[in-house]
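Using the sequences and the hints, build the whole thing.
The sequence shown begins at 1 in UniProt numbering and counts up one residue at a time.
As a list, the in silico DSS-like pairs of lysine-lysine whose alpha-carbon atoms are at most 30 Å apart:
1) Lys10 - Lys49
2) Lys32 - Lys47
3) Lys49 - Lys33
4) Lys4 - Lys26
5) Lys33 - Lys47
6) Lys4 - Lys47
7) Lys26 - Lys47
8) Lys26 - Lys10
9) Lys33 - Lys4
10) Lys4 - Lys32
11) Lys4 - Lys49
12) Lys10 - Lys47
13) Lys26 - Lys49
14) Lys10 - Lys33
Ranges of calculated distance between the beta carbons of each label pair, as one might list FRET restraints:
15) Gln44 - Lys4: 25 to 31 Å
16) Asn16 - Glu54: 25 to 31 Å
17) Asp45 - Asn25: 29 to 35 Å
18) Gly14 - Ile51: 18 to 24 Å
19) Glu54 - Gln9: 15 to 21 Å
20) Thr15 - Glu54: 27 to 33 Å
21) Thr15 - Ala37: 28 to 34 Å
22) Asp3 - Thr53: 14 to 20 Å
23) Arg6 - Pro36: 16 to 22 Å
24) Asp45 - Lys4: 28 to 34 Å
25) Met1 - Ile42: 16 to 22 Å
26) Gly46 - Lys4: 24 to 30 Å
27) Ser52 - Glu31: 15 to 21 Å
In short, the hints are calculated from the structure, not lab data. If you're wondering where the values come from, they're calculated on a predicted model, not measured in any experiment. In this text, a Cβ means the ideal position worked out from N, Cα and C, and glycines have one as well.
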Amino acid sequence: MLDKERLIQKTTFGTNLQVIANFSNKNFEYEKKIIPANSAMIVQDGKNKIISTESLDS
1 MLDKERLIQK TTFGTNLQVI ANFSNKNFEY EKKIIPANSA MIVQDGKNKI
51 ISTESLDS
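Right, here's the structure in full:
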């Protein structure tokens with residue numbers, strides 16, 4: 001968890017893959033990167049990709 005409300009969560013897989021999920025309704029800054037509300041940032045091998053829940057099929 002990255003916040004006490006548990007709305008920002010980080011999971012690490014091995015040594016080179018992380019997912020930082022923002023379940024809140026506000027943008028969140030993590031290591032000088034903005035993770036928009038209701039999105040996740042995937043960090044793999046030093047590269048970042050933002051996934052928005054708005055772009056997912058329901």
